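Asks: Given next are the chains, with one letter for each unit.
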Amino acid sequence: MHGLDFDVAHMLAGGLVLVSLMMLYQDRLYALINTLALHAFILALSVAWQAYIHNAPHLYITAAIALGFKALIVPAALRNIVFRLGIHREIETVVGIGVTMLVGIGLVALSLEVMLPVTTRADPLAREDIALALSVVLIGLLMMVTRRNAVSQVAGFMSLENGIVLAATGAQGMPLVVEISVAFSVLIAFIVIGIFLFRIRERFDTVDVGALDSFRGEHE
Amino acid sequence: MNMLGFDPLAGILLIPVVAAGLLAVLPGYVIPARINVLASLLSFGCALLLLAHRSESGSYLLVDDLNIVFIVLNTFVGFTTAAFSASYIAHEIETGRLTLGFLRFYHAMYQVMMFGMNLALVANNIGLMWVAVELATLTTVVMVGIYRTHEAIEAAWKYFILGSVGIALALFGTILVYLAARPVLGEGPGAMIWTVLVTRASGFDPALLNVAFVFLLLGYGTKVGLAPLHAWLPDAHAEGPTPISAVLSGLLLNVALYALLRFKILLAANPDVIAPGPLMIILGLLSLIFAAFMLYRRRDIKRMFAYSSIEHMGIIVFAFGMAGPLGNFAGLLQMTMHSLTKSAIFFSVGHVTQAKGTQRIADITGLTESHPVLGACLVLAVVAIAGLPPFGVFMSEFLIVSSTFEREPLLAAAVVFGLLIGFGALMLRVGGLAFGTPRGRSEPVHASYLPIFAHLTLVLIAGLYLPPAVVTWFQHVATLLDTGGVGR
Chain F
109 MHGLDFDVAH MLAGGLVLVS LMMLYQDRLY ALINTLALHA FILALSVAWQ
159 AYIHNAPHLY ITAAIALGFK ALIVPAALRN IVFRLGIHRE IETVVGIGVT
209 MLVGIGLVAL SLEVMLPVTT RADPLAREDI ALALSVVLIG LLMMVTRRNA
259 VSQVAGFMSL ENGIVLAATG AQGMPLVVEI SVAFSVLIAF IVIGIFLFRI
309 RERFDTVDVG ALDSFRGEHE
Chain R
48 MNMLGFDPLA GILLIPVVAA GLLAVLPGYV IPARINVLAS LLSFGCALLL
98 LAHRSESGSY LLVDDLNIVF IVLNTFVGFT TAAFSASYIA HEIETGRLTL
148 GFLRFYHAMY QVMMFGMNLA LVANNIGLMW VAVELATLTT VVMVGIYRTH
198 EAIEAAWKYF ILGSVGIALA LFGTILVYLA ARPVLGEGPG AMIWTVLVTR
248 ASGFDPALLN VAFVFLLLGY GTKVGLAPLH AWLPDAHAEG PTPISAVLSG
298 LLLNVALYAL LRFKILLAAN PDVIAPGPLM IILGLLSLIF AAFMLYRRRD
348 IKRMFAYSSI EHMGIIVFAF GMAGPLGNFA GLLQMTMHSL TKSAIFFSVG
398 HVTQAKGTQR IADITGLTES HPVLGACLVL AVVAIAGLPP FGVFMSEFLI
448 VSSTFEREPL LAAAVVFGLL IGFGALMLRV GGLAFGTPRG RSEPVHASYL
498 PIFAHLTLVL IAGLYLPPAV VTWFQHVATL LDTGGVGR
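Listed in order, the protein sequences are those of chains F and R.
All residue numbers for the first sequence refer to the working numbering, where the first residue is 109 and numbers rise by one.
All residue numbers for the second sequence refer to the working numbering, where the first residue is 48 and numbers rise by one.
Among these hints, one or two may not hold up.
What the hints assert, rightly or not - Computed beta-carbon distance windows for the label pairs:
1) Asp115(F) x Val65(R): 50 to 56 Å
2) Ile169(F) x Leu69(R): 28 to 34 Å
3) Gly111(F) x Ser106(R): 55 to 61 Å
Claimed, not checked - Selected chain F positions facing chain R (Cβ under 7 Å, derived; list incomplete):
4) Ala159
5) Gly204
6) Gly206
7) Val207
8) Ile272
9) Met282
Derived from the structure by calculation, the hints contain no laboratory data.
Computed from a predicted structure; not experimentally measured.
Virtual Cβ for every residue (Gly too), placed ideally from N, Cα, C.
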């Protein structure tokens, strides 16, 4: 493989992990949404670069979806929700940021440790991509676990999906059907989330999932 | 090739789509409910035709011995649930819990969900299968939240978050399978077609397949409701409309299980990978014992039976984990029996909660006195699910325990322990529900007993006498699950 091609792809995938880690310590919602947009932007660059070096034009569609939908439209909609709910000043983390960052770094190490040995037969680029994608997925999960607010859980879920798209595009020649469906399912997922946020807003004054937990139908 | 001149495989996919489109625009509730039943009946008819005459498998769709069991079961329970739903919904409209607008949405979503599940079952492409499972999940999320109460929204949100995480992990696993297949099969669609994958699986990188299976087990296992990942299941069952509880327990869990089995076969075809059995045995046992204990503390009737579903999925996954011809056979039988019995329970419970106006177990007493037929149905169904003879669940559980005992007596003891704990809880509760003096609100119900009778009769027949044709059919599938041969 061409040296520069590999280096740039590697850098972009690594950048995605870096931004994932950045998301972990954003405790203001607007800042979190901006970081999410940056995340999607880097994903778009990474996918476009894959399309370029592998001469796979259909990947440009995936890149365009990442750029237009995930980096622009969704963050705008989320900002709108945050604004209308009046929760932009809220600070919410369950676990301290220092601990979360350490766990995040641990997860990156873990995914490299898990993925690199088992992918020795794959080509180097796919190997790096899949390992870094797993870190992004795990950090996204971590984020969903440590945040209580519905908007930040959505952000965590979106970053998780970004990691999966990175894995799907990194696996060279994976059929188009899947890529489109991934992007499409994100769209559907988002619509569903939107509906839920609306309903939650309609019924209560809070989108704090912790507040929802108070009623389980189990207590007397 | 077909005397009717159409492909039944297309039927089970197209009928729900057309019906969904139609139901989305039709006003009222009487006619849409009937169309819903009719469409489900037609799908079931197509599934039976498919049983008699297999369609050709292509690169996207596949019909083989394994999935035909699931398809017939899926469309049958889909049909009976639609019939139950018609009477259930009429009551919800009368009491004003659902408006006509939401009902239109409900019926359309019901058919979209049937489409999603049927597609997941017949998909030959592992990517397509994933998309279909995701579609079915999303539609059920929306339906769980349809009452829009505090609790319903919490349940739907929890289901959505956990379901999406599960489904995301499953996709990651699917990508890893593709990555393992690519060096052998080359780039492109070929490396995602299940029938191609399974014939060439022996050449795949075993280490990569191992990691992939762990992701798939966790991902689809979340949808099956296995123990550490089950948190969404009781809430989703308790807060959604009861017909949805019935299809969730009876069908959607099976569809996720089916996806898991497909990948298990893939692993079985490669001699160098870890055996998937022990992992499935551990998760299955954990679910069984955990859910059995949780049954005691439940105060909500639908929530209790949701835990019973976790318990049974645990037993089924355990049986498939034990594998071997007998283990697989028992697992398949248990799965079929559980689907039929559990949906019959939810049909009865749906009418009971409507009659009593509550889901609290403590407020429901003396059903056999106030509603004799309904009470009797519920008692019979609970007796069946608890695993008492002469019902089919007893047969399959007996098979699982006895076949396990031959190979691993200690594991068999653990299974029996879990089963007895669960049995005790169910008997304790059903006594209070069905007998004693009726208290509280009690309204007459216009129940549709036919679906309940149909399911219980089938379970009873299976317990008394399994037709040899069914036995050979299930045995064939059981060997297929072990050897990984496609249509061999």
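Asks: Each hint: holds or not?
Replies: Evaluated hints:
1. Range check, Asp115(F) to Val65(R): Cβ separation about 52 Å, and the 50 to 56 Å hint holds.
2. Checked against the hint of 28 to 34 Å, the C-beta distance between Ile169(F) and Leu69(R) comes to roughly 32 Å, which is consistent with it.
3. At about 38 Å, the beta-carbon gap between Gly111(F) and Ser106(R) misses the expected band of 55 to 61 Å.
4. Below 7 Å, beta-carbon pairs count as interface contacts, and Ala159(F) has none with chain R, the closest being about 15 Å; its hint is therefore violated.
5. Contact between Gly204(F) and chain R, as hinted, is not supported at the beta carbon level, the nearest pair being about 23 Å apart and thus beyond 7 Å.
6. Using the Cβ-Cβ criterion of 7 Å, the hint placing Gly206(F) at the interface with chain R is not satisfied: the shortest such distance is roughly 25 Å.
7. This hint is violated: Val207(F) has a C-beta 21 Å from the nearest C-beta of chain R, more than the 7 Å allowed.
8. Because the smallest distance between the Cβ of Ile272(F) and any Cβ of chain R comes to about 6 Å, under 7 Å, the interface hint for this residue holds.
9. With a least beta-carbon distance of about 6 Å to chain R, the hint placing Met282(F) at the interface is held under the 7 Å criterion.
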